[in-house]
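Generate coordinates for the entire structure from the input sequences, incorporating the hints supplied.
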Amino acid sequence: MELIKKNPKLFQWLFLITVFFFLCFAIEVPETYKFIRGQAEFIKDPNQSTYTLFGAEVRYYAFDVFWRLPPLLGWLPIWINDSLFFLMNEWMPMEFWNESTQSYKTRPLVLQLTRNMTAFMTFLIELIREIMLGGVQTVVAFTSWDWIDANPWAKLPGLPWTIVTAGAVILGYNLSGKGLALFAGIVMIYISIFGQWKPSMQTLSFILVAAPLSFVFGLGLGIAAFKSKRVEKALSPILLVMQTMPQYAVLVPAIVLFGVGDHAAVIITMVVAVPPMILLTLLGLRGIPPEVIEAGRMSGCNNWQLMFKVLIPTARRDILIGVNQVIMVCFSMAVISAFIGAKGLGFNLLLALNQLNIGLALEAGLCISLIAILLDKMSLAWANKQIDYFGNLTFFEQHKNGLCFAGVVLVGTVLAYVGSFYFKEGFNYLYEVPHNKGISTADFWNRGVDWIWDTFFYTLKIFNTWLITEVLQPMRALYLRMPAVATLVLVIGAGYIIGGVRSAFVVGGLTLFIALSPWWDRALVTTYMATFGVIISCIIGFTVGTLCFQNKHTTSFMLGVCDIFQTFPSFVYLIPVMMLFGVTDTSVLIAVVVYATIPATRYTIEGLRSVPAALHDAASMSGVTKIQRLMKIEFPLAFPHMMLGLNQTIVFALFMVIIGAFIGTEDLGQYILKALSDKKGAGIGLTLGICVAFIGLVFDHLIRTWVEQRKKHLGIV
Amino acid sequence: MTNAVIKCDSVYKIFGANAKKMLQDANGNVDAKTFQDNGCIVGVNNASFEVSKGEMLVVMGLSGSGKSTLLRCISRLTDATSGKIFIEGQNLLSLNNKELIDLRRNKMGMVFQSFALLPHKTVLENIAFPLQIKGIEDQESINKAMDMVKLVGLDGRENYFPRELSGGQQQRVGIARSLAVEPDIWFLDEPFSALDPLIRKEMQDEFLRLQEKLQKTIMFITHDFDEALKLADRIAIMKDGIIEQLDTPANIVLNPATEYVRKFTQEVPREKVLKIEDIMEKPHNENLSDLKVLKNETIENVAEKILTQEKSVGVIDENNQIVGTVHPSKIINTVFGGKKNSD
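Protein chains in written order, with UniProt numbering: chain C, 1 to 717; chain P, 1 to 343.
None of these hints come from the bench; they were simulated from the model. One thing to keep in mind: the hints can contain errors.
Stated by the list, open to error - Result set (BS3-like, lysine-lysine): computed pairs, CA atoms no more than 25 Å apart in a straight line:
(1) K20(P) to K229(C)
(2) K263(P) to K239(P)
(3) K309(C) to K98(P)
(4) K552(C) to K461(C)
(5) K272(P) to K330(P)
(6) K144(P) to K309(C)
(7) K309(C) to K134(P)
(8) K711(C) to K6(C)
(9) K309(C) to K107(P)
(10) K20(P) to K227(C)
(11) K227(C) to K98(P)
(12) K230(P) to K7(P)
(13) K275(P) to K230(P)
Unchecked claim - Among chain P residues calculated to face chain C with C-beta under 8 Å, some are:
(14) S75
(15) I101
(16) R104
(17) M108
(18) M110
(19) F112
(20) L118
(21) H120
(22) F129
(23) P130
(24) I133
(25) K134
(26) I136
(27) T265
(28) P269
(29) P328
To be verified - Calculated from the model, a selection of chain C residues having no Cβ within reach of chain P, i.e. all distances over 12 Å:
(30) A56
(31) L111
(32) T118
(33) L370
(34) I373
(35) V485
(36) Y528
(37) K626
Beta carbons: idealized from backbone N, C-alpha and C, even for Gly.
Structure, rendered in structure tokens:
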């Protein structure tokens, strides 16, 4: 009795687990049960039950309700689909003036709006693309095709790669000095001589439109939410879901609304990149000490000046992290949106992966990663730049960057012009190195992969088989063996113990949504893969983080490594694992582990670092050993922050699991991928995305609630 | 009365959802406890006073006494719930936003307890900030800021960032910034509370030196009674939003109005606070010793000399006119005469 009184929570947990296992064993597996019954809507089978709701017919295999709940939400995807189509094709037809045919045309409002947005995005992308690569689209936008035919000279010439490279170097030097200039130069030259110029510039033009737009919208909405409680309340549920929504899932409805191509990709990227920007803007603005705001007011700032000269610069640190996130998401989406026809490196990468040409994929992936790191560093340097007031500068010194660039343009143009004589046959290498004429290391890598396969075939295969048969299959079977009711009880019970009735309702509702969707089994598979990834990632991340924390240099080194790895687009992680393990579940899981280890490591280090120095001293004076200090002081205090890392690890793992569908897994991701090529896939894709988001949110809610209580208990705020 | 730069007329500040209505119902009889029971917190309770040109009013009170709230009402960083505030005859509460900004840009400067410097700007940029906000062009504002840097003695550090400075130096930047627009009215909200004792004393002396030079109208907030005594022309002591007593330091020490004020004055060494004129008697024809003392000397400075005399000592003003007398026993009475005032 004494024990129960002392640890009431512990006994609640024990009780919960007992009930859970009791339910698991009490409920028999129905004899007719087979995995994958989610395809009910595709296959007709006399054994299926049906019902009709909101005009949608839902077919499913009926089981004991304790074992699997009937898909009462099965009508939702169909209904979303129908509504979308109705919106696009029938709702509010209006007369719109058509410029090219010089007449009015009747079109539904939403269709017209989305087409206008699309046209605007296309114009922006083409503008930048043609500055880099040349073309006529931009001129056409201001005139007409007929005019172009009549005036064949009228086109943007496109900059020779020498000029763009030199421009990047000057920019880098101007922003942060020699180091960045050197890096910029190396990246650009690498891109050029490896023949990746054209796709790189295509990707870059996409990013240069998507990133600033996302930044502006995110900042704007963040400010709006800061100023008005109502806006914040309206935004917060969307933000929450978007944080855990896999990027794949947004693609599908976007195709319906905006079609395929770069423009749609930009819009989707904004949908994905704006939420973290909003959150971080809000976080930064909230964190400003009230006295700074008062100081701004007393300096006589009007509202505009207060916002842009005091608040935003003061909140700069968080806003910069937001920019960083935006750039990360943009590059990640640059690859993923190749699925819906965006051009550039992502497309090449996908193509190469599809052909299992690991070498080519590696080159494209390296290019994307390098550009991502470069842009990331440049944006940081730009934000940290200082103004020098005291330089008594001459005209030349003041405008030296502009003059330099003008000189570079001149020299580059002359070079390109000379080149056109020198390389009479074929290609002008001083203008652009064509895609297939650059140096390629693809063969080398492919041979390397072959060598690995030849040499380590058995080792790898044994490991692979062992992992699949001994670990993954049993684990998967265990997850699928859970009766739906038992899972619900477990989740709701955990919610109740951690956060009380409210939490129980929240996580129960989220789980119930998934249970009532037609994809419960697949959600279980997704969860199992994510769980496996998270466990391994956490073990590695916590260990590596703790070890690195023992030394100042390794700490900063490790954080730097995390920074760089985080900049890689998520798809890039698939390349090396496919190299080693081919197309198997193992590959996906290893990619998940690698990807999810980043936040685990980072948060461990940051958590340990946040332990106040005074406590270290106090501990040292009590005569603790290093191990004792770690176990008794640092871990307990850093634990809440490390749990937030766990939270991120789960989100990262879920993302990667879903992306892993590209390699071929039998989970929710596979269906999302399938929905991409399905004409009626929009509703399915979105609902699947929501399911994945809800899996993430269940964990997110539980962990956050626990962390908040723990922090309050420890007195860290 | 016309030279009152700041004038408050029964100012109330009450926090809470239905503060206005509660205040109306209370009919001028505000009791903190009843308000608190109804979810309102009384910040400032019926404050009325004036500050005349060139005067330094120190508002003293413990934390939560409403002193900072009072200051924020007068700088209109928060709006007072009721009452009238006049700045140089202008009704502060009737100003629209543009006029208020104008007033702040030209007439007011404020120094904050936590310095409130902009972390992304250098010392120089921080100081130039109010000027740039006003629309003064870059180079001119920077030149002017440089003068301010010299005034507060930070030359050579103008390109440092706030995080690279010590607390005392940061507050010098804060002071320079608040003075950059050459305001007539200077608000200081516990400017030295976050500093070390030694630095604090140094900054107080520095502050007195500046004030001697600049002659601003000042409202100075502090929770440190010694600091108040050292700096103030007049002191307002606040408790629970109410101004308990507003008077010169000497009068507060000699005639504490309430028990609360008396507690503060008990430990104060009188000879440091009181001047000769505070304890002198009216001159009547009697034998005076040869020693004459100036009326605005502190007792501490002349006590030793006076105590060597047997007869009363003559007190003179700047024009060498005798305006009063002090008997040595009075000095002993004042300094050692227990904690009670000997009248």
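Legend entry - Restraint check for K230(P) with K7(P), where alpha carbons must lie at most 25 Å apart: holds (24 Å)
Inset, instruction - Beyond 12 Å from every chain P Cβ: check whether that's true for T118(C). - result: Per Cβ check, T118(C) is outside 12 Å of chain P; nearest 38 Å; holds.
Inset, instruction - Please verify that hint: I136(P), Cβ, nearest Cβ of chain C, below 8 Å or not. - result: violated (11 Å)
Legend entry - Hinted pair K275(P) and K230(P), Cα distance within 25 Å: Holds, because 13 Å separates the two Cα atoms, which is no more than 25 Å.
Inset, instruction - Would you mind confirming whether the straight-line C-alpha gap from K20(P) to K227(C) stays at or under 25 Å? - result: holds (24 Å)
Legend entry - chain C contact restraint on L118(P) - CB to CB distance below 8 Å: Hint on L118(P): holds, closest Cβ of chain C at ~6 Å, below 8 Å.
Legend entry - Pairwise hint evaluation, K98(P) against K227(C), where the allowed Cα distance is 25 Å at most: Holds, at about 20 Å.
Inset, instruction - Take the C-alpha atoms of K309(C) and K98(P), compute the straight-line distance between them, and say whether it is at most 25 Å. - result: Since the Cα atoms of K309(C) and K98(P) sit roughly 18 Å apart, the hinted pair holds (cutoff 25 Å).
Inset, instruction - Would you settle whether the hint for I101(P) is holds or violated, based on the nearest Cβ-Cβ distance to chain C being less than 8 Å? - result: holds (5 Å)
Legend entry - Minimum beta-carbon distance criterion (8 Å), T265(P) to chain C: violated (31 Å)
Legend entry - Agreement of hint S75(P) with chain C interface, Cβ distance less than 8 Å: S75(P) check passes; min Cβ-Cβ to chain C is 6 Å, inside 8 Å.
Inset, instruction - Closer than 8 Å between Cβ atoms is the bar; does F129(P) clear it against chain C? Give me holds or violated. - result: OK, holds: F129(P) within 8 Å of chain C, min 6 Å.
Comparing the model with each earlier hint shows violations of hints 4, 26, 27, 28 and 29; every other hint is respected.
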